[in-house]
Amino acid sequence: MPAESSPKIVIVDESPVRAAILEAGLREAGFTGVSHIGEMQNLLARIYELDPDVILIDLENPSRDVLEQMFQVSRAVRRPIAMFVDQSDAASIQASVDAGVSAYIVDGLKKERIKPILDLCISRFNAFSKLQDELERAKSALEDRKVIDRAKGILMKLKGLTEDEAYVLLRSTAMREKKKIAEIAHSILTASQLLK
Amino acid sequence: MSTPVCIGFIPLVDAAALILAVDKGFTAAEGLDVTLVREVSWSNVRDKLNIGLFDAAHLLAPVAIASSLGLGHVKVAIAAPFNLGLNGNAITVSPALHAALLAEIDGDRFDPMATALALARVVAKRRKSGAEPLTFAMTFPFSTHNYQLRFWMAAGGVNPDEDVRLVVLPPPYMVESLASGHVDGFCVGAPWNSVAVDLGVGHILHFVSDILVRAAEKVLAVRQNWSEKNPEVVAALLRAAFRAAEFIEEPQNRAEAAHILAQPERIGVGADIIQRTLDGRLKISPDGTTRESSRYLLLGREGAARPDPVQAAWLYAQMIRWGQTSWSPVALKTAMAVFRPDLYDAAIGRDGNDSGVRGTIGAFAGPAFDSNDIAGHLAAFKIGRHNP
Numbered sequence: 014m015p016a017e018s019s020p021k022i023v024i025v026d027e028s029p030v031r032a033a034i035l036e037a038g039l040r041e042a043g044f045t046g047v048s049h050i051g052e053m054q055n056l057l058a059r060i061y062e063l064d065p066d067v068i069l070i071d072l073e074n075p076s077r078d079v080l081e082q083m084f085q086v087s088r089a090v091r092r093p094i095a096m097f098v099d100q101s102d103a104a105s106i107q108a109s110v111d112a113g114v115s116a117y118i119v120d121g122l123k124k125e126r127i128k129p130i131l132d133l134c135i136s137r138f139n140a141f142s143k144l145q146d147e148l149e150r151a152k153s154a155l156e157d158r159k160v161i162d163r164a165k166g167i168l169m170k171l172k173g174l175t176e177d178e179a180y181v182l183l184r185s186t187a188m189r190e191k192k193k194i195a196e197i198a199h200s201i202l203t204a205s206q207l208l209k
Numbered sequence: 333m334s335t336p337v338c339i340g341f342i343p344l345v346d347a348a349a350l351i352l353a354v355d356k357g358f359t360a361a362e363g364l365d366v367t368l369v370r371e372v373s374w375s376n377v378r379d380k381l382n383i384g385l386f387d388a389a390h391l392l393a394p395v396a397i398a399s400s401l402g403l404g405h406v407k408v409a410i411a412a413p414f415n416l417g418l419n420g421n422a423i424t425v426s427p428a429l430h431a432a433l434l435a436e437i438d439g440d441r442f443d444p445m446a447t448a449l450a451l452a453r454v455v456a457k458r459r460k461s462g463a464e465p466l467t468f469a470m471t472f473p474f475s476t477h478n479y480q481l482r483f484w485m486a487a488g489g490v491n492p493d494e495d496v497r498l499v500v501l502p503p504p505y506m507v508e509s510l511a512s513g514h515v516d517g518f519c520v521g522a523p524w525n526s527v528a529v530d531l532g533v534g535h536i537l538h539f540v541s542d543i544l545v546r547a548a549e550k551v552l553a554v555r556q557n558w559s560e561k562n563p564e565v566v567a568a569l570l571r572a573a574f575r576a577a578e579f580i581e582e583p584q585n586r587a588e589a590a591h592i593l594a595q596p597e598r599i600g601v602g603a604d605i606i607q608r609t610l611d612g613r614l615k616i617s618p619d620g621t622t623r624e625s626s627r628y629l630l631l632g633r634e635g636a637a638r639p640d641p642v643q644a645a646w647l648y649a650q651m652i653r654w655g656q657t658s659w660s661p662v663a664l665k666t667a668m669a670v671f672r673p674d675l676y677d678a679a680i681g682r683d684g685n686d687s688g689v690r691g692t693i694g695a696f697a698g699p700a701f702d703s704n705d706i707a708g709h710l711a712a713f714k715i716g717r718h719n720p
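Protein chains in written order, with our numbering: chain A, 14 to 209; chain B, 333 to 720.
Please note: incorrect hints may appear among the correct ones.
[As the list claims (entries may be wrong)] Beta-carbon label-pair distances, calculated as ranges: (1) A/V30 <-> B/L531: 29 to 35 Å; (2) A/E156 <-> B/R441: 57 to 63 Å; (3) A/S142 <-> B/T335: 26 to 32 Å; (4) A/G166 <-> B/K561: 57 to 63 Å; (5) A/E41 <-> B/D619: 57 to 63 Å; (6) A/K193 <-> B/D619: 42 to 48 Å.
[Stated by the list, open to error] Straight-line Cα separation of at most 25 Å, DSS-like style, residue types lysine-lysine; simulated pairs: (7) B/K380 <-> A/K143; (8) B/K380 <-> A/K128; (9) A/K128 <-> B/K407.
Hint data in this document are derived by calculation from the structure and do not stem from the laboratory.
Being a predicted model, the structure only gives us computed values, none of them experimental.
Backbone N, C-alpha and C define an ideal beta-carbon position, used for all residues, glycine too.
Isolated chain A (complex conformation):
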């Protein structure tokens, strides 16, 4: 895509990580005019300064309502802005709301040029939330391992077991009680706190 025909895209997002992921994706797809606003003070003035064709904003951002003002014809507005969708595009709204992103498109940008931008944003937003889920899981897995290690230590000390025996005891108890090993380990830690 030649640079002069690349629409100007502004990402309004307080999460610098997600904005970077989005920005990188758009650039890879050939959209060269991408900028990011991470600060919500005086948002409209910042947007007018950049004069974008497309504005992307995450749904967790209360400043979405500020953007709605751009629909209104007022002396401060240079160009009317419409949301990317027309009446027939309920599926597109659904997909973007599900992904957590909303797009505002300046009137005059052709519909066929908007679609790839939006599709890309939705997939990047989905990828980001998947990444966050994985991070959360990894974090809690790490937490679990720490708890299990400490529970093993307590069992080894109190019952004179080796590390392997302590782990086997944890695992068999978990299986018998239909619980996770980490849960049993947590109980042991709590009990040992109480008995201190």
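Mind docking chain B on chain A? Use the hints.
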């Protein structure tokens, strides 16, 4: 078996009947399993209701009308069978603007005509001295806040589109923007005016009930086709909300209601501020001056919960006045049909206490509002975008 219902809300005191209906178990008693989802923007509430992620929502009354007319966004027919609140907003100004207004005022400081004329003089002086125009914030283009602010200043001769800057700000950002000087005043619902006063950064200039005696503020909104498919669920929801509104309006229940509403996952501000709002007894100045009004926020008393199509017509007239849409008899009919007293009556029954107040707008300026004569209403006002 209970029916799952998902309802979106914005953390404001006028979501009280909805929140209490759930948290006091009134919806459960009606066989509904309600999930309340706290939202961050009116755009989100509107979109999620329109596309069906929410079954119902706490919504700005003008947004319900705008969606039904296809203004600003996709066109989805919305039904509003219950008013969650009448009035409840206030206009708050910075200490500097408050002092400037009081220096110019000729008359009672709670008289909106006196303050609007004072504002016109402050605006004229600023223009003469080359100062930046004043900036006022409101919460959404299709909001009573927008129309109340505009109605008030225009009555004094201030053109809201030319003489001042009018900007949209999310309610949680209002106080900070007033403190930092980004805005000089705002019109917003509770609790934000009180928060500004408590922090010493603002003075409550007007309760909006000074401007309009009776204004539909937030509604319980559902998609029209959803309400047609689920009449029993709608009726159950209305009964639960009505019970909650009645509960809140009993003064001895206010402390409990305020405590429930103050929870972080609900409104999330101090219970004392919420109780002051419910009682209509607000601190209006950082020096501790209080003002009491029986009209500050109506959650069910005086027939407040029953939707009045004349209110919808008034809101539609404001959309025309401020250039958001143009006049058409079909659109007027559509707008009025959004407010559904028939659904309300079917669920709750006429309790008879709303006689004599139907159709009352009670604006402080201009002729009495007649929904059969929108053109005549608009012709009475000089300032507005309806007069090119």
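Hints versus structure:
1. A hinted range of 29 to 35 Å holds for the C-beta pair A/V30 and B/L531, which are about 32 Å apart.
2. Take A/E156 and B/R441: their Cβ atoms lie about 59 Å apart, and the range 57 to 63 Å holds.
3. Between A/S142 and B/T335 the C-beta distance comes to about 29 Å, which sits within the given range of 26 to 32 Å.
4. One distance hint, 57 to 63 Å for the beta-carbon pair A/G166 and B/K561, holds here, with the actual separation near 60 Å.
5. Between A/E41 and B/D619 the C-beta distance comes to about 59 Å, which sits within the given range of 57 to 63 Å.
6. Judged by the Cβ atoms, the range 42 to 48 Å given for A/K193 and B/D619 is violated: they are separated by roughly 59 Å.
7. Annotation: proposed proximity of B/K380 to A/K143 holds, straight-line Cα distance about 22 Å (limit 25 Å).
8. For the given pair, B/K380 sits about 21 Å from A/K128 by alpha-carbon distance, which is consistent with the 25 Å threshold.
9. Note on A/K128 and B/K407: the hinted pairing holds, with a Cα-Cα distance of about 21 Å set against a maximum of 25 Å.
Consistency note: the structure conflicts with earlier hint 6 alone.
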